[in-house]
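Could you slot chain B onto chain A? The hints should help.
Chains as they are written, first to last, in the numbering used here: chain A, 1 to 494; chain B, 1 to 436.
It is possible that part of the hints are untrue.
Restricting the straight-line Cα-Cα distance to at most 20 Å, the calculated cross-link-like pairs of lysine to any residue (SDA-like) are [what the hints assert, rightly or not]:
id: 1; chain 1: A; residue 1: Lys408; chain 2: B; residue 2: Glu421
id: 2; chain 1: B; residue 1: Lys275; chain 2: A; residue 2: Thr453
id: 3; chain 1: B; residue 1: Lys388; chain 2: A; residue 2: Arg28
id: 4; chain 1: A; residue 1: Lys43; chain 2: A; residue 2: Arg323
id: 5; chain 1: B; residue 1: Lys275; chain 2: A; residue 2: Arg467
id: 6; chain 1: B; residue 1: Lys275; chain 2: A; residue 2: Leu454
id: 7; chain 1: B; residue 1: Lys275; chain 2: A; residue 2: Arg478
Quick caveat, the hints were computed from the structure, so don't treat them as lab data.
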Amino acid sequence: MGRRRQRVDPAAGARAGALPEAIAALSRSLPSGPSPEIFRRAKFDRPEATSALWQLLFRVLSPLPVGNALASLALEAQAHLVKSALCSQGYPRLALAQLPEDGSQGSRELLLALSWLLARGPVPEQMLAQARVPLGDEMTVCQCEALASPGPPAPHMEAEGPVDVRRVQWLMGKLQFRWRQLVSSQQEQCALLSKIHLYTRGCHSDQSLGHLSVTEAEMLRDPEGGQQASGAGVAQNLDPAYPKCLHSSCTPGMGPRTFWNDLWLVCEQPGLLPGDAAPLDPGGASACSLLSPLRALLQTLERENQRLEAVLAWRHTELVFWRWMDTVLGTCAPEVPAAASQPTFLPWVPERGGGELELVVRELQALEEELREAVERRRAAWEAKAGGCGRGPEWSAARRASREAVEKELGALQQCWKQDSGPARPHGPHRLVRREDGAAGERDLRAAEVIRTLRSQEACLEAVLRRLQGQCRQELARLVGALPGLIWIPPPGR
Amino acid sequence: MLPADCSRRLVAELQGALDACAQRQLQLEQSLRVCRRLLQAWEPTGTWALKPPPGPETNEEDPLPACTPSPQDLKELEFLTQALEKAVRVRRGITKAGERDKAPSLKSRSIVTSPGTTASAPPQSRGQAGQAGGHASDTRPTKGLRQTAVPAKGHAERRLLSVGDRTRVGMGARAPRPGAGLRDQQMAPSAAPQAPEAFTLKEKGHLLRLPAAFRKAASQNSSLWAQLGSTQTSDSMDATAAKTQFLQNMQTASGVPQPRLSAAEVEAEAGRLRKACSLLRLRMREELSAAPMDWMQEYRCLLTLEGLQAMVGQCLHRLQELRAAVVVQPPRPCPVEGPPRASPSCRGGAEPAWSPQLLVYSSTQELQTLAALQLRVAMLDQQIHLEKVLMAELLPLVSTAQPQGPPWLALCRAAHSLLCEGGARVLTILRDEPAV
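Next up, chain A with everything else stripped away, as it sits in the complex (with noise of 0.2 Å):
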């Protein structure tokens, strides 16, 4: 099955030269892809390829990029969350579940699941958008990342006993405080961003581009990592803490990835990317203990080319990859549908609020009070004034007209939660440009446009708490209001 043939239409057909290919696309074209021998082996349901796929699985499935302290997982417990995560998505299979997290066995249901979740969606080039090296100063426009990006609960959370509620005052005044600093924080680094385009302007070879991110300046102002080295001469280590100092370097957006600390991760954790055993420099130390910023930079870019150029080529030749995994399918043997239930899985992030279908149970169904009295006002005020008009033609006309743009209106507004995303709704880190003209191609983002969008946005939210706020205080009032010999003063100024 390792011959090469002639490269054909692999759209005719599983031909044997192209599965393997195929499989090797895919497994090139992964995280620490398994071997295309693993493949095979998981089809006959050999047990060494289990722990391999276990692992695949984990990288594919987890939320947040698999930093050190994930990789480092035992094995059952990433068999564990596999599990949990799998279930959480729908994946029908039962005998998933049922698996034993050792990696002794169950290698053929392992490869179905892969396949399931790579059926579903467009997983390697997913995982590779993930781990991108931002090589632009990066701004985030929407606000996915910020709420996917939550790790587990700090670990200070001290067990407190009860508390003065003055304390809960305090640190709301402490937390007004943190933003205002942010704010300004934020206005400089904008205003240091922008003068850095600007004096760079016309040097980027790439010309709609025009000019440097502060990652390419930096790397070309420091290219060796020598001017942060403490201590003598160039011989040491890429000191930890450099990296870490650029560690969001450039992102007015405060996205979690970046590039430096994806650096980081590369001089620290040569193992974390695709295809990398080998030392990086034959003559060296320690593996990446010499490496400078410029070189990791190459290094990293140079393997994400390769891994797309393996995307690419999977894309090709997926067919037959999928043909393929019928005939795995078809040696399984049809499962029954389980009338004992299942065994419960922790969530693997701490879900934030369980219950999500009473809150906007609840939330309907005042707001359906609320219009139930205003229409009947309305429809009585409107019946006692139109009770005397004339039944005439261009009457009924008129009224036939308004009720079409009314349900055509009303559609387009069920249109905006029907389907799942608004249009064109830009998702994602976009690179900042600047430009003098501010001209910009179709599927770039204008900032005039985006800003007009937030401040939209800003409008309701504002409104929101408003609205929420209006409702606790009607709240309080009525709370308190029954007590004598009380006199609230509202606060001065509004």
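Chain B only, in chain A's frame:
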């Protein structure tokens, strides 16, 4: 005092918000440091690629630092750097009285005083020389200083430069051409911008040039990403059909013909309906606040409100359906977030764009407004969340507290301040004693 569990939850929530803020602040400060450093004078490391504006390009290849230096070279380097440290000390003594420019001198002072950073790296000493001389335009005093200083030291410097470059260039293929290139630049007429000297981004920023290897890799990278984007759109129909078929086979093989609602899907639906609720409410507000001019408008207003009511009814109906489905067939007892990298509010959309998209701005003002608005939206989000949490915790306390003495009054006051004023203002309570 608040009860223990309530306290715990509130403090945890607020502390979490504070920590998130602190983390962002830290990141910002680190990046600020980088940016500030970039805008100050750059220490010449001798390995930049500056575009020599006029004159022939001696070598297209840049002095790309290759692999690591050998241990022997490193030792040599150490000795040399020690010698240079001494030279720096001596020179500093000489040039202290000399003319100093504002930016470079700032830099030198900061280098000198920064803890743990010795002025030991070879480039720095030359940087000192350069700085003492000032900018590139002012090279004559520099040269003069170099000459008046002990010539041996200058010689050592130049030797070091060549060694350093050769070392950095590394073993193997690279000839000392890059080093030679730099040396050429160094001896070049003073008019040309001299690479070894310090400069600021402001003056020479537009002359910088990225290393060739990097340029190649980066352009290949962006073209590959673009290719990826285009193959996505023109995905082969066969492959898509094969995938759907496979998924269906998986479903039927598992014995359950209809895919069960996963927790993720339920959550997504609930999220959609929540969005619907807020949109409907917004629309209702608009209609109620608009003053109808004539009967036609009033009629339309009425129709709209009735339409909204109907839609709310539909949403509630759908929710009841979901609820029922959840009860009958629990959607997997593991309500965890859904597919990786998809958040409830902002799905990937029809086609995630793989190639990098640009965000174009035209002035500092614009960028600052943009960033400020982003922060404001995030802050408002957080405030709304906190408001809901506070409401859930404090309102029940106020309503159920039995002895309505001063502690309860204090609680009311605090609750009002937190809930209604965002903690910014506090109301006053006056006890109105009945006249005796």
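We went through each hint and held it up to the structure:
1. Only pairs whose Cα atoms come within 20 Å are accepted, and Lys408 of chain A paired with Glu421 of chain B is rejected, the gap being roughly 40 Å.
2. Proposed proximity of Lys275 of chain B and Thr453 of chain A is supported: the alpha carbons are some 17 Å apart, at most 20 Å.
3. Note on Lys388 of chain B and Arg28 of chain A: the hinted pairing is violated, with a Cα-Cα distance of about 47 Å set against a maximum of 20 Å.
4. This hinted pair checks out: Lys43 of chain A and Arg323 of chain A have alpha carbons roughly 13 Å apart, not beyond 20 Å.
5. Among the hinted pairs, Lys275 of chain B with Arg467 of chain A is consistent with the structure: their alpha-carbon atoms are about 16 Å apart, no more than 20 Å.
6. Using a Cα cut-off of 20 Å, the hinted pair Lys275 of chain B and Leu454 of chain A holds, with the two alpha carbons roughly 17 Å apart.
7. For a cut-off of 20 Å, the pair hint linking Lys275 of chain B to Arg478 of chain A is broken: about 30 Å separates their Cα positions.
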